[in-house]
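With the sequences and hints as input, model every part of the structure.
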Amino acid sequence: MAEIRIEQVRKEFGKVVAVRDVSLTIPDREFIVLLGPSGCGKTTLLRCIAGLEQVDVGRVYFGDRDVTDLPVRQRRISMVFQSYAVFPHMTVFENIAFGLRMQHKSDAELKRRVQAAAELLHIEELLGRYPAQLSGGQRQRVAVARAIAYDADVLLMDEPLSNLDALLRLEMRAELKRLIEELKTTVVYVTHDQVEALSLGDRIAVMKGGALLQVDSPITVYDRPAAHFVGSFIGNPPMNFLTAEATAGGAAARVGDTTFPAPGRSGRSPTEPGKLWLGIRAENIEPRPEPAPGAIAGEVLVVEPLGSHNLITVQVGAERLKVNAHADSAFHSGQPIWLVLAADKIRWMDPGTGLALR
Amino acid sequence: MASRASAPLARRAGRSLVYLAAILVALYIMIPIYLVAVMAFSPRAVVYDYPKPLIPTQLSLETMSFFLNAYGILDSVKNSVLVAIFTLAISLAIGAPAGYALARYIFPGGDIYRILILSTRAFPVVILSIPLISTYINWGLDDTTLGVALLHTAMALPTTILVTSSVFVGVSKDLEEAAMTMGCTRAGAFRRVALPLALPGLAASAIFTFVLSWNEVFGAAILTVQNQTLPAKLIVQLNQSPIPFRFAGGFFILVPAIVFMLFVRRYLFSLWGVKLR
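Residue numbers (the working numbering), protein chains in the order written: chain A, 1 to 358; chain X, 1001 to 1277.
Check before you lean on any hint, since a few could be wrong.
[Said to hold, decoys possible] Listed below are the simulated DSSO-like cross-link pairs for lysine-lysine, each with C-alpha atoms no more than 30 Å apart in a straight line: (1) X/1173 - A/105; (2) A/111 - A/15; (3) A/111 - X/1173; (4) A/177 - X/1173; (5) X/1173 - A/15; (6) A/184 - A/111.
[Stated by the list, open to error] Derived, one-sided and incomplete: chain A residues facing chain X with beta-carbon distance under 7 Å: (7) 77; (8) 81; (9) 215.
FYI, nobody ran anything at the bench for these hints, they're computed from the structure. Since the structure is predicted, the reported quantities are computational estimates derived from the model, not experimental observations. For glycine and all other residues, C-beta sits at the position ideal for the given N, C-alpha and C.
This is the structure we're talking about:
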């Protein structure tokens, strides 16, 4: 149990900058998710925290301990690997006991803690088996049990669920969340799955190109993305972006014939004068079959019934939007449609930098 | 429907063809071995009989025991074993770490190194024989088991390095890293995790080297005079021996190779990444 403080960490592989001067403080007992597409540097950052990679520049602290120059074994971490990395030549019991043996626990305590970890993950019956006799899901449980069986300051998880099939992943996700709430330890969890990030994390750190774009609670990251990339990476469907024309010196913006109040000069000013992106999520758009004040006019392209709601693709000028409509709604393709945007849910972005304004 | 029904049939036919071919190849190799074995254990007079019966009527240890007691054969067997063991020890001591490095680390020139390793095999020993023997004489290594072992090591190293490297590639790096997160040093992680998992493959590579050394004739023949290894001895001696002794010698050099093959069979497959269950 410790706070993790990352200061200006940089890691390069040859000419590729995998982690670009990242600073991040993870409070004690927080569950933080590093989220990003493959190659964004999230796993490298995790391995820098673990000590499996040496940072080129910057420091890493666990609480008051500067662990930057410590080898992996002295950092007091535990880690779950994407491949599970369960030792094939040892029984499940020996796998879970491995960390405890390295800490020279007494036989009685070792047995007790292996048993406890196995019970937490419901694998007590498997203790005598070898990994080759286990299913993927069971191996995954062994990997987690092994990581929580011994004392560690932080728990690191590298895409632990990505090798499970969809149904098992869903089940394990909920179980993992319960487990980690019980453990009360600091967790850094790497994933490229935005749903996993939203459902698990106390906070989400969105990474791209080796840099942090946004570190916020899941709901903030979802509702108020700090960048165009965050909005389009998180959420299904991704956030809609419409090109808007800034008027009245940036205090307003126009999409088609509709004018919205814009952040103006209060925040950062856009790099391309006169152009803005209006970001809005599908569920924050109310579709109407007839004109309404302040609504944007468009045409229905496709209606996809999804059971809980209908997903409508709407053509507005040269752009397309995804809109959620009630499952009972009777829109059909080719029909004119008017979209009322929830004003407080609109995010304004600078098309030049891709970052949010205000 | 027709195609669906004929698919398993075609597969079964294909399988029988494969088995037929395998049986033919096996007979092609095993019939001569069988005949050599029969002759080696036949009384001298029978060896000259023609046609020979397929199933021997008379067996005797006479030729074999005379063969073993004459010629200093047992000494050369001892030499062969010593050379093979030295070769095995040295080539594993050098080759396994090199293979591990190739498997685990990306380093500048790694790919070129991989090819350069093989280039040592591009020199036929014949070309090297004169410089080699004069160097050996200068260093006092001529006519010694260690000298032959060094030559065999040079010949075995490329395979040892490449095979051990593929063995270690098969042991996921994650496993070692996982051991390190749980408190192992790098060496500890290797010893507790990578080594036990690599052991069957390493054993296979070792036996491979052993066989290579056991069978090698040319180098052993030019580097030794008194302390000849078994193949070198046999090549030199048997040309001047009566036919019964040639059979005895042939049998004697065949047997260890066959025993090795039986022993290694499982591991040979693991060398090529095929799992035999």
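Practice prompt. Go through the numbered hints given earlier and state which of them the structure violates, listing their numbers in rising order.
Written response: 2, 9
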